[in-house]
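Visitor: Got chain X sorted already, so can you dock chain G with the ligands onto it with the hints?
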Amino acid sequence: MTKAPEAGPREVTMRVWRGEDRASGAFADHRVAVDPGMVILDVLFRVQATSAPDLAVRWNCKAGKCGSCSAEVNGRPRLMCMTRLSSLPLDQPITVAPMATFPLVRDLVTDVSFNYEKAKTIPAFRPAPKDADGTRRMYQEEVERVQEFHKCIECFLCQDVCHVIRDHEENKEAFAGPRFFVRLAALEMHPLDTNDRIELARAKHGLGYCNITKCCTEVCPEDIHITDNAIIPLKERVVTEFYDPLVWAKRRLLGR
Amino acid sequence: MDDLEYDVVVIGAGGAGMRAAIEAKAQGARTAIVCKSLFGKAHTVMAEGGIAAALRNVWKEDSWQVHFRDTMRGGKLLNHWRMAQIHAQESPDRVLELEEWGAMFDRTPDGLILQRDFGGHRYARLAHVGDRTGLEMIRTLQDRAVELGIDVLMECTIQKLLTDDGRVAGCLGYLRQSGEMVLLRAKAIVLATGGIGKCWRVTSNSWEYTGDGMAMALEAGADLIDMEFVQFHPTGMVWPPSVRGILVTEGVRGDGGTLRNKDGERFMFWYIPDFFREETADTEAEADRWYDNKKDNRRTPDLLPRDEVARAINTEVKAGRGSAHGGVLLDIASRRSPEYIRSRLPSMYHQFKELADIDITKEPMEVGPTLHYMMGGIRVDPDTQATTVPGLFAAGEVAAGMHGSNRLGGNSLSDLLVFGRRAGLHAAQHANAQRAPGAVDPADVAATERRLAAPLERAGEDPYALHHDLQAVMQDLVGIIRTRTELDEAARQLGDLRRRYDRVGAKGGRRYNPGWNLALDLASMLTVAEAVARSAALREESRGGHTRGDFPNSDPEWGRKNVVARWRDGRIELTTEPLAQMPPDLAAIVGSEPKATEQTAVESTAPAGLGGHR
Ligand SMILES: Cc1cc2nc3c(=O)[nH]c(=O)nc-3n(C[C@H](O)[C@H](O)[C@H](O)COP(=O)(O)OP(=O)(O)OC[C@H]3O[C@@H](n4cnc5c(N)ncnc54)[C@H](O)[C@@H]3O)c2cc1C
Ligand code: SF4
Ligand code: SF4
Ligand code: FES
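If you read the sequences in order, they're chains X and G.
Under my numbering, the first sequence has 255 at position 255, and the numbering climbs by one with no breaks.
Under my numbering, the second sequence has 1439 at position 439, and the numbering climbs by one with no breaks.
Bound-form chain X, shown alone (with noise of 0.2 Å):
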């Protein structure tokens, strides 16, 4: 049941991206004294304590429930809480960068507010009216798909992994992107509610721009599915709702 000590180095080099922007900022190195059991974030914090006092790192719980302490680690997207050195080859240096998808503020932490403007655009739950005795009634069966998607802890992984974003600050204006997909399934999956957000899922959100290429869903901390669970339904419901004649019918005479 007890492990013994992980073996390996007891030495690391860290390659931290330092900087304002990224024009000007560079990777330094930093060679770490490590035990066992670490994680990235660990590490940094070591970095920070003894020859960068200022380097700038965002976290929280450090324990992999915020979703606070994202950046690319050798290159792929993680939660630094979340990765074992163990998990990674140590005879060479670590990479660690922020976010490529957002602003950069300073050194390993990125401007994130395109999210939180995002979340605005998106229309509240309404809920359908309560049973005849008061209660709401919904079964574990109902809720556990739904409880797929609040799983998500926003660390907006998927959003920076996300190619429609990542390579074409032009597109962010009408794409809201795979964590707001996965918010946008919750709210149309969620056996209450009663309002209607697919046609915004297409022409606001920007739902066609995706094609299915499943990054987001490889980065996902959360193993959430998102693109089979959350985007390939609702496209399908954008399919019926919109290219179906008779819904289209319906829509036009109830005026929705």
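Possibly wrong hints are sitting among the right ones.
[Said to hold, decoys possible] Which stretches of chain G does chain X cover? Using the computed rule of at least three CB atoms under 8 Å from a CB of chain X, they are:
hint	region
1	1028-1040
2	1203-1211
3	1236-1246
4	1296-1308
5	1381-1391
6	1500-1509
[Claimed, not checked] Listed below are the simulated DSS-like cross-link pairs for lysine-lysine, each with C-alpha atoms no more than 30 Å apart in a straight line:
hint	chain 1	residue 1	chain 2	residue 2
7	X	K151	G	K1353
8	X	K120	X	K151
9	G	K1362	X	K151
Rather than coming from a laboratory, the hints here were simulated on the basis of the structure.
Just so you know, even glycine gets a beta-carbon here, dropped at the ideal spot from N, CA and C.
Guide: Just chain G with the ligands now, with coordinates in the frame of chain X:
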């Protein structure tokens, strides 16, 4: 410097702050909410087990009276009875309201909110979503706040409360991203800044828990009470070292897990205090039957209140019966099926797998006490959450009284909702009755700016080293079991740290500079740490989260008093004041005060020959 004006400013965006802001906004107040981290990342997001509320979906026998009784007894009767009563009465409505805003709790077979067992609660009472209840709560409130259009200032650390002739006028802080100062003028302020865990080394708390709210309130003239009562949660991770302190939810025991020492013994049966003997199972068979049949069986001692379990673990480890890395074993693998464990405790499964290479469906977890929660804090009016400073309100972990000397699991999330709402309501009413915010004294603004800039202008004491040393003092001298000698030594060392702190220096600039930010946070940490150490030295008895090795019994005299801390001429002054007395009808529900000999597991009642005690 930005200069903004609101009716109500809420400082803190955890459950309490968000709920307060929602209510203030709903009352028509111009409302802003401010937080040190990104919006939606506050400490509340980490809460796992659930929200306590007598919804009666699982046990019809439950009621607010039983919840009230459990809360008072769990707090060893030092709670403010009126807060405990309001809390028990209003929490069901607050939970149901979350459902109106889109939250999705786990369900009973007939489609209602499912409730789980937790320590100190007579009936299965915690509404939950697997083991990520806090996330559901935060996101639900966050979405609601966005829907209402509440202004959010994130990554903004408030440093000073401004008063005008004793009443609230606003507050000053800095934006972490730019390092620039902001002034927020306000007619009313709600403090919802949470706890103080970062004063200790082994803690489940995040970096935000530096006690800013308590320190700022104290300096603005508010009272702090019960500062000696800090909660060590019995089950934090202990191995590997880098994860030491991360929480293992009580839900593991609620869902059938049991504590064992290294010899496999279920040692909790040796540590049942008289105060809880009547309601606690004394055989393993009865304890195991209790999970399914609460009517005919008594609760397992694995789920005694947290102070009892933490002391028991502490005693086992000191007696040499601990696990390989100085904890004890928490075993659910041998007691529940892998499917059950993975569905009920997904984040625990994930956490141990990712961080410790342990599969909790196959092996026991190693756990030990971790600093978790602050029962003490700002004294508030039980109905309105008003502090003693006009216009200043407080709710959530930063406020005191509700939990007495020890908090029951699940009672914090419900506290945030119940008293967050009340704080927001009364802050808005207070603001509506004022024509304009109080006047801001430019001298205060200038002094704060100088204080902020000072660490950057000198090469002095390293903030990281100071923080490390502060944590060592609190961890080693103000721990689970305290003595006069150690507490006096702590106070002396804190004085030394304070002097070193006067020379603290930070390298770099103002823009997102964690070293500088820590240097500023240390001021609050030193203040609250001193209040804790000195209050603990004053209370010469053992009760709840405060255990004195040199005064191992509870003392009915002390059971009628709060320790109060006040700011006088730049120093903390301590006094004691009488506790509010319960009306007879409520006293009858609660039952008697523990007898003088009853405080518990400092000494174990382990069978003789099992090694030394304590
Ligand atoms: C791991 C863990 C699990 C838990 N599980 C449970 C559970 O299952 N059930 C339960 O009832 N309780 C649980 N608790 C306890 C509970 O989560 C906390 O007590 C509660 O969330 C505190 O909420 P709050 O609103 O008072 O403060 P927080 O959620 O901590 O929010 C504090 C806010 O104040 C802000 N702030 C602080 N200082 C400043 C400043 N100077 N300027 C501006 N903003 C500031 C912070 O940024 C943050 O937004 C758990 C705690 C932990 C650590
Ligand atoms: S699947 Fe769609 S949303 Fe996800 S990364 Fe690819 S393009 Fe972006
Ligand atoms: S969906 Fe997954 S990757 Fe995207 S923000 Fe949420 S948790 Fe992060
Ligand atoms: S710090 Fe919270 S997820 Fe990493």
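Visitor: Are the hints correct? Go through all of them and say.
Guide: Status of the hints after comparison with the structure:
With a cut-off of 8 Å between beta carbons, the region 1028-1040 of chain G has 4 residues touching chain X; three or more are needed, and the interface restraint holds. Given as covered by chain X, the region 1203-1211 of chain G passes the check, having 3 residues with a CB less than 8 Å from a CB of that chain where 3 are the minimum. Under a criterion of three residues with beta carbons nearer than 8 Å to beta carbons of chain X, the stated coverage of the region 1236-1246 of chain G is upheld, 6 such residues being counted. Proximity of the region 1296-1308 of chain G to chain X, defined as three or more residues with a beta carbon under 8 Å from a beta carbon of that chain, is not established by the 0 residues found.
Interface restraint, the region 1381-1391 of chain G with chain X: violated (0 residues with C-beta to C-beta distance below 8 Å; minimum three). Judged by the Cβ-Cβ criterion of 8 Å, the region 1500-1509 of chain G is covered by chain X as claimed, because 4 of its residues qualify and three suffice. With a CA separation close to 18 Å, the supplied pair K151 of chain X and K1353 of chain G stays within the 30 Å bound. A distance of roughly 20 Å separates the Cα atoms of K120 of chain X and K151 of chain X; the hinted pair therefore holds under the 30 Å criterion.
The suggested pairing of K1362 of chain G with K151 of chain X holds, with an alpha-carbon distance near 25 Å, which does not exceed 30 Å.
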